[in-house]
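Asker: Residue numbers (the numbering used here), protein chains in the order written: chain A, 1 to 683; chain B, 1 to 124.
Since the hints were made in silico from the structure, they are not lab data. Take these hints with a grain of salt, some might be off.
[Said to hold, decoys possible] Lysine-lysine pairs mimicking DSSO-like chemistry, simulated, CA-CA at most 30 angstroms apart:
1. B:K52 x A:K659
2. A:K289 x B:K104
3. A:K603 x B:K52
4. B:K3 x B:K104
5. A:K289 x B:K3
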Amino acid sequence: MTYPTLEQKMQALKVVPASDYERQCVDAIPAGDYEIAVQRTADILDEGYEVFMRSSRSSMGVAGDSIVAMFTAAGDLVNASAGTYLHAVIPPIVIKYILARHAENPGINDGDIWYTNDALYGGIHNPDQVAMMPVFFDGELVAWTAALSHTTETGAIEPGGMPLSATSRFEEGMNLPPMRVGQNFSINDDVLEMFAAFGIRAEANVTVDMRARATTADRVRVRLLEMFEREGKEFVTGLFRRMLDDAEAGARARISSWADGTFRCVNFSDAAGLTQGLLRNCQMELTKKGDHLTIDFTGTSPETPSSYNAHPQAVVGHLANYIYEYVFHDLPISSATFAPIDFIFPENSMLSPDARAATSNAVMAASGAMSAIANCISRARFGSTDWRQVTASQGNGGNASVLAGVSQWGAFFADMIAYPINTEGQGAHATSDGMDAYGFPWCAFGRAPDVESMENEFPMLIPMSSHWRDSGGAGKYRGGVGTAQLWVTHHAPYVFAMAIADNSIVQTPQPLFGGYSQPTVPGVVLNGINVTEALATAESGTLTLEALLAGEFGGTPTSSTYGSAIHPVNGGDSIIIGLSTGGTGYGDPLDREIDSIDQDLVKQLVSPESAVHLYGAVLDRNGRVDRDATIGRRAEIVAERLARGVPYDEFEAAWSERKPDDSILGLFGHWPDGAVVTPLMRP
Amino acid sequence: MTKLHVAEYLDIDVEAERWHCHDCDRDLGPARENYKRGLLVAERDPSEVHPKVIEGEYTFSPNGDWVRLLEFYCPGCGRQVETEYLPAGHPLTRDTDIDIDSIKARIAAGEARINEEGKLEVTL
Ligand SMILES: [Zn+2]
Chain A
1 MTYPTLEQKM QALKVVPASD YERQCVDAIP AGDYEIAVQR TADILDEGYE VFMRSSRSSM
61 GVAGDSIVAM FTAAGDLVNA SAGTYLHAVI PPIVIKYILA RHAENPGIND GDIWYTNDAL
121 YGGIHNPDQV AMMPVFFDGE LVAWTAALSH TTETGAIEPG GMPLSATSRF EEGMNLPPMR
181 VGQNFSINDD VLEMFAAFGI RAEANVTVDM RARATTADRV RVRLLEMFER EGKEFVTGLF
241 RRMLDDAEAG ARARISSWAD GTFRCVNFSD AAGLTQGLLR NCQMELTKKG DHLTIDFTGT
301 SPETPSSYNA HPQAVVGHLA NYIYEYVFHD LPISSATFAP IDFIFPENSM LSPDARAATS
361 NAVMAASGAM SAIANCISRA RFGSTDWRQV TASQGNGGNA SVLAGVSQWG AFFADMIAYP
421 INTEGQGAHA TSDGMDAYGF PWCAFGRAPD VESMENEFPM LIPMSSHWRD SGGAGKYRGG
481 VGTAQLWVTH HAPYVFAMAI ADNSIVQTPQ PLFGGYSQPT VPGVVLNGIN VTEALATAES
541 GTLTLEALLA GEFGGTPTSS TYGSAIHPVN GGDSIIIGLS TGGTGYGDPL DREIDSIDQD
601 LVKQLVSPES AVHLYGAVLD RNGRVDRDAT IGRRAEIVAE RLARGVPYDE FEAAWSERKP
661 DDSILGLFGH WPDGAVVTPL MRP
Chain B
1 MTKLHVAEYL DIDVEAERWH CHDCDRDLGP ARENYKRGLL VAERDPSEVH PKVIEGEYTF
61 SPNGDWVRLL EFYCPGCGRQ VETEYLPAGH PLTRDTDIDI DSIKARIAAG EARINEEGKL
121 EVTL
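All chains, full assembly: derive it from the sequences and hints.
Answerer: Shown next as structure tokens:
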């Protein structure tokens, strides 16, 4: 086995130093041509991204949960079009591995298609797969292209690519190390058949997505070659190196502008796969000094006996989601922006597990890191002229549902439905509320599909998909609300369903500067409801989450964890409520503008009870906020706070004597440091 | 300006090396210490803020046996400066340590200043 070590992976994230030839090429670029050519790279990649979405079959691919990228000959990422920034910084690990290991045998040739989905070698988790093509110009390797996306079937122990019950990588289906899957611009038929065999639950999704990656990588290759032919090798080589230089300089300047300091955040979750337990899924210490960041995960809970583990580069990918969306939003998507950032991963933690670990739910394991980075960077930059970019964390729920079975069209399918995850609420900003139902924290530009498209694709009826009232964390600025949906089996006797979650008992993100986090997300099923009758009696606007929970449409709501193993859902009488979490709140709720509370009430984004209890509102007989009475009530609440607050040292002395019940600490590691207590055995 | 506005409700007086409430200017202690030591703390059951919407074990409210809601108030004005959701007894997070010496050195070197908004502004 030659999979890269942690040190090799972290080294591969760093840009290869410029050669003398590259420096000469940079110097030779005529003024003005550089900016035009940078835009040209973006246009090529945007074309690739469009090709990719139109060629993909899985919901995630169609939703745009993907990235299309170009690299130097040495494998450094120059620019990308996204989609999701999750894959932005890590493909160089794979390309550099191929260059180091396979240049001689089997060799790297024009027309090759290379492929991997194994996180051990540099990916996120095995549903995330990448096709890469070398670009040859005049017989010389001059660049690489890649297309990455999430396919929702891998042939694992459960359908949908993110099996909750997998306990090691041996239960996760297809894991391909970097390998050549095609030659002479064509995918090998035998390899395609292997994909079909692993993807037998949803053959079309797996094989079409695989071809979509290859065709997208090839489109970018063709356009890049046109650029090489028109502008010459010297110009494009200089262009790529200068883009790397500019990206790194931009990143360093931004980091430099903040005050030096150290910033910390801890985050928790309540499950690893199907096992319940308290985890500190991230303990982050971010140190900013000069133009450099060190991000230390020491103290994060141990690796888990489930698929909720993430290999370190996958964690870095998750940080990129936040960093590109909010910090480096105006810089090229480039390896070089991460040059000033170093990482410390504790061995055998859930963010740096053993090679045998299951990691297909790496995206869940890393939700704490994604939350902590928002919190720590916001604290680091609030004192700078960047402060308007400060945000509370996204909700980072990722409450995903997988459906599988035989569709109304007689086709086998296994897919993660894109609507719920793409409608989470956004974290609140330093100057405004988070956007309601803004999207998917893992994929800033993913799109929630239309209900009609989903009903056409799956044997499901979705009679309700609306804002989820009170789901945004309260604050001076409120987290955006998420959504609630109804999913009813329709045109099929049953479907198989599973759901992924770790936020039914505790929420992972910490709020910012005195706000509150979002509510937890239970799994709610309405048993004994006659769906047809219920829908027939629903007047426009009356079918709401609150009305369903109150039993106004019949049936008995029962709650459990949102996460569930694969199980059948019969047609006709059982309703699953899909929930997409809200964003986290910013600032003291008593600081919220009174007019904003009123608007939230009118739009039914905040309940009257929350307006009263969290925001100190006093409502008049029409249910509108009484301004003067509210000002008076808020003064009373401040007095209540001062009466119940205890001096810090006194509080801490009593607090530090306490400990949660041992029954929930089985996954936590040693209390309170999180160290490994019993090493895991994965025979 | 010598006061840096480092968090929504916190200033650091860089010269005097003291934390202050941004709203009421209350002195909250030495800037090289944890600012939370100058605040009041209240522990609440999460359900006081996140109502239990349905019956049963999973209710839309974080479970108070798993995590507690901690609120940190300015003793001067009662502003809710910070909140944190922590399991009982979990170490309280010292979330912000600003390197005072570095700020002083950058200002002295003419590299940066504290502008009218109270923000560190790079001048070079
Ligand atoms: Zn104050």
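Asker: Which numbered hints turn out to be false for this structure?
Answerer: none
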